[in-house]
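Chemist: Listed below are the residues making up each chain.
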Amino acid sequence: MGWQRKVLRVDLTAGTCESEPLNMQWAAQYVGGRGLATRYLVDNVDPAVDPLSPDNALVFATGPLSGTLVSTSGRYCVVTKGPLTGAIACSNSGGKFGAELKYCGYDLLIIQGRSEKPVYLLIEDDEVSLEDASDLWGETVWKTEETIKARHRSEDMKVASIGVAGERGVYYACIVNDLHRAAGRSGVGAVMGSKNLKAVAARGTRGVKVKEPTRFMQVVDEKNRKLFEHGSRRALMRYGTLSMIDVMQKFGGLPTNNFQKVQFEGVDRINPKAVVETNRNGHKNLLTNKACFGCTIACGRIAHIDPNHFSVVNRQEYWHASGGLEYETAFAFGPAVGVDDLDALTFAGYMMNEHGMDPISFGVTLAAAMELYELGLITREQTDGIDLRFGNAEALTVMAEKTGKYEGFGRELALGSKRLCEKYGRPDLAMVVKGQEFAGYDSRALQGMGLGYATGNRGACHLKHDTFDVDMEDVSGKGKAKPCKHSQDDIAAIDSAGICLFTASAWDLDDIAAQVDAACEGSWTAERLHDAGERIWNLERLFNLRAGLTAADDTLPPRLLKEPAPSGTAKGKVCELDVMLPEYYAERGWTANGVPTPDLLRRLKLEDFIIESPA
Amino acid sequence: MHKSLLIDPGKCTGCLQCEMACSLEHTGEFNPARSRIRVFEFEHGLNNVPYTCTQCTASYCMVACPVDAISISQLTGAREVADSICVGCRACVAACPYGTLNFNPETGKVDKCDLCGGDPKCAEVCPTDAIVYGYPQGDVPPGMFALPTDADSAPTEVH
Amino acid sequence: MKVQLDLAGELEGALDEALEAAYPLETGATLEDLVASLPFASRVALTSVNGELVPPAERAGRTLSDGDEVMLLPPVKGG
Chain A
1 MGWQRKVLRV
11 DLTAGTCESE
21 PLNMQWAAQY
31 VGGRGLATRY
41 LVDNVDPAVD
51 PLSPDNALVF
61 ATGPLSGTLV
71 STSGRYCVVT
81 KGPLTGAIAC
91 SNSGGKFGAE
101 LKYCGYDLLI
111 IQGRSEKPVY
121 LLIEDDEVSL
131 EDASDLWGET
141 VWKTEETIKA
151 RHRSEDMKVA
161 SIGVAGERGV
171 YYACIVNDLH
181 RAAGRSGVGA
191 VMGSKNLKAV
201 AARGTRGVKV
211 KEPTRFMQVV
221 DEKNRKLFEH
231 GSRRALMRYG
241 TLSMIDVMQK
251 FGGLPTNNFQ
261 KVQFEGVDRI
271 NPKAVVETNR
281 NGHKNLLTNK
291 ACFGCTIACG
301 RIAHIDPNHF
311 SVVNRQEYWH
321 ASGGLEYETA
331 FAFGPAVGVD
341 DLDALTFAGY
351 MMNEHGMDPI
361 SFGVTLAAAM
371 ELYELGLITR
381 EQTDGIDLRF
391 GNAEALTVMA
401 EKTGKYEGFG
411 RELALGSKRL
421 CEKYGRPDLA
431 MVVKGQEFAG
441 YDSRALQGMG
451 LGYATGNRGA
461 CHLKHDTFDV
471 DMEDVSGKGK
481 AKPCKHSQDD
491 IAAIDSAGIC
501 LFTASAWDLD
511 DIAAQVDAAC
521 EGSWTAERLH
531 DAGERIWNLE
541 RLFNLRAGLT
551 AADDTLPPRL
561 LKEPAPSGTA
571 KGKVCELDVM
581 LPEYYAERGW
591 TANGVPTPDL
601 LRRLKLEDFI
611 IESPA
Chain B
1 MHKSLLIDPG
11 KCTGCLQCEM
21 ACSLEHTGEF
31 NPARSRIRVF
41 EFEHGLNNVP
51 YTCTQCTASY
61 CMVACPVDAI
71 SISQLTGARE
81 VADSICVGCR
91 ACVAACPYGT
101 LNFNPETGKV
111 DKCDLCGGDP
121 KCAEVCPTDA
131 IVYGYPQGDV
141 PPGMFALPTD
151 ADSAPTEVH
Chain C
1 MKVQLDLAGE
11 LEGALDEALE
21 AAYPLETGAT
31 LEDLVASLPF
41 ASRVALTSVN
51 GELVPPAERA
61 GRTLSDGDEV
71 MLLPPVKGG
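Protein chains in written order, with our numbering: chain A, 1 to 615; chain B, 1 to 159; chain C, 1 to 79.
Incorrect hints may have been included.
Said to hold, decoys possible - Result set (EDC-like, lysine to aspartate or glutamate): computed pairs, CA atoms no more than 16 Å apart in a straight line:
1) A:LYS273 - C:GLU12
2) A:LYS571 - C:GLU52
3) A:LYS223 - B:GLU124
4) A:LYS482 - A:ASP469
5) A:LYS143 - A:GLU317
6) A:LYS149 - A:ASP132
7) A:LYS143 - B:GLU43
8) A:LYS573 - C:GLU52
9) A:LYS211 - B:GLU29
The hints are simulated quantities; they were obtained by calculation from the structure and are not laboratory data.
This is chain A alone, in the form it adopts within the complex (with noise of 0.2 Å):
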């Protein structure tokens, strides 16, 4: 019940698709989504493995909840070892294509090996095959996914590929599913990519079915009411994530011109009002929200670009609606480039889904491209003829299109910050950790998030801990270790039951844990999924100790340890890690040296993967 209780593992090298009973001892343990993937790649994969050869294995999981109405129940994750951060990888998406895989009754999908030629996937219940997909070798996204569907004459399959960024390997391609929504982060894109899989395309038509079915909506009725009610989602729901803009800029951090600057003069012309307001051409950004699988939240935004607009003048495919401005794209293409032209970043914005690319990444890696530039290190001749000083418009429109059809100079975006940086002699340029690029919030002034990102597992991200409610309290390191702790675990958690983070708003760990417990065998209480997350989080943490990370790994570029925000409410200060992270390692009860010790393996059943350590 919740589980559908089996495995899909495809083996790319030898060419065979076998479904294997899920194992309902690590179900227990580590929930699905997330955990259970987590403790699969452990199975299956060596620490140590390239990330992009075919020894690394690529876990799509959904959770127990996923494909129930349970609202937002339509998540799912790929877990993998990560190409930009040599650390676990775990992106999420929304979409439909997780409820969808669930339906076809599996838990969990299991990529390994390599395939001689490109293939796609081809799911439809227990009927599964590899397709030759030497024709869409080179086809976008969108293509990708309109000619699957065409193939198979179903508008009901749902199809989840990669574009020419991941088959060339760009560090941060992504898998887009459902034109729109993807496990964006760390490279999985890539993963697959080098495994020659085009695609993963599901029909399912095995149902989901729940534990105590009436007990179950009333318990869904009541959440979703709480949810429902809740302000937080009336804010998504009409403004998207969007509305943060407008908050960091007055807060002071809203990372500028690659965080060299923490508020963004152009705010008001890529904000929330912006994109309702109509523009000389008589244009409107904005269409409509659109909800993902199962969700009453619906924030996500349905936009279009001004047809008179520099990029796509004279480019009507580009002229239809897709998916719109989020905050973090907002950042990425706006402040972090130093960019307000805000069909400029919708335009951006499609060239990620249509190619397959995670636009944090790349924008942060552009903003990098940009002050080796200004700094003379990258020249005109270099950069395709391209200004690619901040604040062109045209840089951005034209370096996004480049790098996710792997051309020009953006064959060396498509290296990210990090080794972009390290290339023309700045490393300190590159706004990462673990090499991955910061999300649109600046550690200086949000202390507890410069801890979120140091510790986070795949390198810097938003969405693993959740510190927002002390970090807009006091601008210092004091007191962020413990909620960035217990906020890893509940999310760790959160992902693992199959519904999207966005609920936590309204919804405590309880609130989550009664519809568990509706859905699935065994008793489940807020204690036990916060003691699952931490299970994942160390066992995420262990892999990636066996892969040869280490503390040195937990840590910021210099700029936000050392150069002061110059502005906002954090005016002056640094980011304190250097209080925050002995504290953080305390409360996870590791040593001084960030490794987890046997006494907190031992309570949390991580027995097997105890690691001596010298200190």
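With chain A's structure known, arrange chains B and C on it following the hints.
Modeler: Frame of chain A; chains B and C shown alone:
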């Protein structure tokens, strides 16, 4: 007068809660492939259109059925398929000009909307009121059916 | 006395523009009094007075003066 499912695609966000609720009601599990209401999505999710049987007066399905498995519910006005009589010949599927009957390969019978016996679950769960179970005259914007009232014709300047 | 409010995010436009520019309060009113008087009090997460953060616990002890600039921001999550 019978209530109807009043569908407003302009309010639909494409969340598919209706499909899940419908399948749970009729199959005991969450399985949108067996839902009797479907949401069609157009232009990258810009438009989402819930669609199901309108319980049309012509009742093409009922007329086409060779074994009289389809009848009209006195209570709700729904055209209902009696599983015990249906032989799965699919004549109704072919006859319906709206495409709202579906052959279910698992049961060998035909599925269609039965308004859940007067308590349609799709409308119950719809979070945006894109699907409402009610009387058309009471649920459409005034002006289309409603007679003008004194309030409508009162000059607004009075305030 | 009157204070100048600065609202952002989902709170923007929640008050009439003139009211936001000059919000009337009784002399001696605290930041807590101000927040409590707002129709959207439960959605106020962050408060600052003249650029200085005031945590929720300290709002009751922070007396406002005529002409103070008060910034009110809603809760932030994810994104």
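Chemist: For every hint, state whether the structure bears it out.
Modeler: How the hints compare with the structure:
{"no.": "1", "hint": "A:LYS273 - C:GLU12", "in the structure": "10 Å, holds"}
{"no.": "2", "hint": "A:LYS571 - C:GLU52", "in the structure": "11 Å, holds"}
{"no.": "3", "hint": "A:LYS223 - B:GLU124", "in the structure": "15 Å, holds"}
{"no.": "4", "hint": "A:LYS482 - A:ASP469", "in the structure": "13 Å, holds"}
{"no.": "5", "hint": "A:LYS143 - A:GLU317", "in the structure": "12 Å, holds"}
{"no.": "6", "hint": "A:LYS149 - A:ASP132", "in the structure": "15 Å, holds"}
{"no.": "7", "hint": "A:LYS143 - B:GLU43", "in the structure": "14 Å, holds"}
{"no.": "8", "hint": "A:LYS573 - C:GLU52", "in the structure": "13 Å, holds"}
{"no.": "9", "hint": "A:LYS211 - B:GLU29", "in the structure": "10 Å, holds"}
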